[in-house]
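One line per chain: the protein sequences are A and B, in this order. For the first sequence, the residue numbers in this note's numbering are 0 to 142. For the second sequence, the residue numbers in this note's numbering are 8 to 126.
Errors might be hidden in some of the hints.
[Claimed, not checked] Keeping only pairs whose Cα atoms sit at most 25 Å apart, straight-line, the calculated SDA-like set for lysine to any residue is:
(1) A/K92 - B/S38
(2) A/K92 - B/D39
(3) B/K30 - A/K138
(4) A/K32 - B/L27
(5) B/K30 - B/K102
(6) A/K32 - B/M16
(7) B/K95 - A/T22
(8) A/K37 - B/K95
(9) B/K118 - B/D43
(10) A/K37 - A/N142
(11) A/K8 - A/G108
(12) A/K26 - B/K102
(13) A/K26 - B/K90
(14) B/K90 - B/H113
(15) B/K90 - B/N21
(16) A/K26 - B/L27
(17) A/K32 - A/R15
(18) B/K95 - A/N29
(19) B/K90 - A/D16
(20) A/K117 - B/G119
(21) B/K81 - A/G108
(22) B/K95 - A/F17
(23) B/K81 - A/M102
(24) A/K37 - B/S47
(25) A/K138 - A/G35
(26) B/K118 - B/V86
(27) A/K70 - A/R15
(28) B/K90 - A/I4
[Stated by the list, open to error] Label pairs and their computed distance ranges (CB to CB):
(29) B/N92 - A/E104: 23 to 31 Å
(30) A/I87 - B/F106: 35 to 43 Å
(31) A/L89 - B/L12: 40 to 48 Å
(32) B/E89 - A/S7: 12 to 20 Å
(33) A/L89 - B/I94: 35 to 43 Å
(34) A/K8 - B/N21: 35 to 43 Å
(35) A/Y136 - B/S79: 36 to 44 Å
(36) B/V114 - A/F17: 33 to 41 Å
(37) B/I94 - A/R103: 41 to 49 Å
The hints are simulated quantities; they were obtained by calculation from the structure and are not laboratory data. These numbers come from a predicted model, not from an experiment. Ideal Cβ placement from N, Cα and C applies to all residues, glycine included.
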Amino acid sequence: MNNEILYSKSFGISGRDFINAGTVSVKIKNILKEIGIKPEVVYRVSICCYEAEMNVVMYADAGNLDFKITKDEIIVSMEDKGPGIENIELAMKEGYSTATQEMREMGFGAGLGLPNIKNNSDEFRIESEILKGTKLYFKINLN
Amino acid sequence: MELSLIADMLDCRNHTDEFLLKKEILYCYASDMMSDVLKSCKIGALLITGLVNQQVIHVAEIMDLKGIIFVSGKEPSAVMIEKANDIKLPLMTTKKQLFEVCGILHVVGLKGGEILQDR
Chain A
0 MNNEILYSKS
10 FGISGRDFIN
20 AGTVSVKIKN
30 ILKEIGIKPE
40 VVYRVSICCY
50 EAEMNVVMYA
60 DAGNLDFKIT
70 KDEIIVSMED
80 KGPGIENIEL
90 AMKEGYSTAT
100 QEMREMGFGA
110 GLGLPNIKNN
120 SDEFRIESEI
130 LKGTKLYFKI
140 NLN
Chain B
8 MELSLIADML
18 DCRNHTDEFL
28 LKKEILYCYA
38 SDMMSDVLKS
48 CKIGALLITG
58 LVNQQVIHVA
68 EIMDLKGIIF
78 VSGKEPSAVM
88 IEKANDIKLP
98 LMTTKKQLFE
108 VCGILHVVGL
118 KGGEILQDR
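Turn these sequences into a full structure, and let the hints steer you where they fit.
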């Protein structure tokens, strides 16, 4: 496997910024589309990024999304400063959500965020520390 | 089915550029939860929703949705309409309720599409 990084970009995400929420993922989608990545991969990556981005906006103070393309895969790592996730096993369960009423009114809190990332990626890791933040890492194969 | 026909059937008010109603619709999806759309909606479907905010537009862009119908008379904001025109995403409002809209579109032959069929 050739791990040479062909493209890399970093995006800052602000917590509670519902005005700009989602724009990072749309930018990533457009970059992938422009460079001719196959549609199936574009959808999977942008769905994962959107869910990860919205988690930062909803729960954390701030986050950073690093996005890399190699010959064989797309690698995303996301790190946020925030409350962390108390029970990762529960958070990974479809339908489980800690979203507030306000978040639900905005169309979130289906309890599908992390499961959607896991299901759309080829490799997925999550680490979280209470009162510090959460780290996400996912890879999507290009072929 | 052309989107303009769907708009007539549902007595929709169109908010975006008229020519966008020429789009051909094969599949529909209905939900107010954005993660549901990301999980189960077919790429390129028409979304029927009661949720009206900027996030619906972002999700539509990610999923290359063909258009959005807002139910129960809910109207998109000027910012949403501007963005939708930019990305050629038709936005419409109907006074009908979600259940009724889905029923009408189902009867005329529109499909939900197989979940995850194209991923």
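Results for each hint:
Only pairs whose Cα atoms come within 25 Å are accepted, and A/K92 paired with B/S38 is accepted, the gap being roughly 20 Å. The straight-line distance between the Cα atoms of A/K92 and B/D39 is roughly 20 Å, inside the 25 Å bound, and the hint therefore holds. Simply put, B/K30 and A/K138 have alpha-carbon atoms about 34 Å apart, too far for the 25 Å limit, and the pair is violated. Proximity of A/K32 to B/L27 is assessed by CA-CA distance (about 22 Å); at most 25 Å being required, the pair is judged to hold.
Between B/K30 and B/K102 the CA atoms are separated by roughly 22 Å; this keeps the pair inside 25 Å, and the hint holds. Between A/K32 and B/M16, the direct Cα distance comes to roughly 35 Å. Violation of the 25 Å bound is thereby established for this hinted pair. Restraint check: the Cα-Cα separation between B/K95 and A/T22 comes to about 17 Å, which is no more than 25 Å; the hinted pair holds. Simply put, A/K37 and B/K95 have alpha-carbon atoms about 21 Å apart, close enough for the 25 Å limit, and the pair holds.
For the proposed pair B/K118 and B/D43, the alpha carbon gap of about 17 Å is at most 25 Å, so the pair holds. The straight-line distance between the Cα atoms of A/K37 and A/N142 is roughly 9 Å, inside the 25 Å bound, and the hint therefore holds. Note on A/K8 and A/G108: the hinted pairing is violated, with a Cα-Cα distance of about 29 Å set against a maximum of 25 Å. Restraint check for A/K26 and B/K102: the C-alpha separation of about 34 Å exceeds 25 Å, so the hint is violated.
Between the alpha carbons of A/K26 and B/K90 the distance comes to roughly 14 Å, so the proposed pair stays at or under 25 Å and holds. Using a Cα cut-off of 25 Å, the hinted pair B/K90 and B/H113 is violated, with the two alpha carbons roughly 29 Å apart. A hinted pair counts as satisfied when its Cα atoms are at most 25 Å apart, and B/K90 with B/N21 qualifies at roughly 15 Å. Proximity of A/K26 to B/L27 is assessed by CA-CA distance (about 23 Å); at most 25 Å being required, the pair is judged to hold.
The suggested pairing of A/K32 with A/R15 is violated, with an alpha-carbon distance near 28 Å, which exceeds 25 Å. A C-alpha spacing of about 15 Å is found between B/K95 and A/N29, which places the hinted pair at or below 25 Å, so the restraint holds. Of the supplied pair hints, the one linking B/K90 and A/D16 holds, its CA atoms being roughly 18 Å apart against a limit of 25 Å. Taken as a hint, the A/K117 and B/G119 pair is honoured in the structure, with Cα atoms around 24 Å apart against an allowance of 25 Å.
Restraint check: the Cα-Cα separation between B/K81 and A/G108 comes to about 21 Å, which is no more than 25 Å; the hinted pair holds. Between B/K95 and A/F17 the alpha-carbon distance is near 23 Å, which keeps this suggested pair within the 25 Å criterion. Our distance criterion of 25 Å between C-alpha atoms is met by B/K81 and A/M102, whose separation comes to about 19 Å. Straight-line distance between C-alpha atoms of A/K37 and B/S47 comes to about 20 Å, which keeps the hinted pair within the 25 Å bound.
Distance check on the hinted pair: A/K138 and A/G35 sit about 18 Å apart at the alpha-carbon level, within 25 Å; holds. At most 25 Å may separate the alpha-carbon atoms for a hinted pair to count; B/K118 and B/V86 exceed this at roughly 31 Å. Simply put, A/K70 and A/R15 have alpha-carbon atoms about 35 Å apart, too far for the 25 Å limit, and the pair is violated. Our distance criterion of 25 Å between C-alpha atoms is broken by B/K90 and A/I4, whose separation comes to about 33 Å.
For the pair B/N92 and A/E104, the supplied restraint of 23 to 31 Å holds, since their beta-carbon distance comes to about 26 Å. The supplied range of 35 to 43 Å is met by A/I87 and B/F106, whose beta-carbon atoms lie about 37 Å from each other. At roughly 46 Å, the beta-carbon separation of A/L89 and B/L12 lies within the given 40 to 48 Å, and the hint holds. Range check, B/E89 to A/S7: about 32 Å between beta-carbon atoms, so the 12 to 20 Å window is missed.
Taking the beta carbon of each, A/L89 and B/I94 are about 36 Å apart, inside 35 to 43 Å as hinted. One distance hint, 35 to 43 Å for the beta-carbon pair A/K8 and B/N21, holds here, with the actual separation near 37 Å. The given range of 36 to 44 Å is respected by A/Y136 and B/S79, whose C-beta atoms sit roughly 41 Å from each other. As the Cβ distance of B/V114 to A/F17 is approximately 37 Å, the hint placing it in 33 to 41 Å holds.
Range check, B/I94 to A/R103: about 26 Å between beta-carbon atoms, so the 41 to 49 Å window is missed.
The structure is inconsistent with the numbered hints 3, 6, 11, 12, 14, 17, 26, 27, 28, 32, 37, although it conforms to all the rest.
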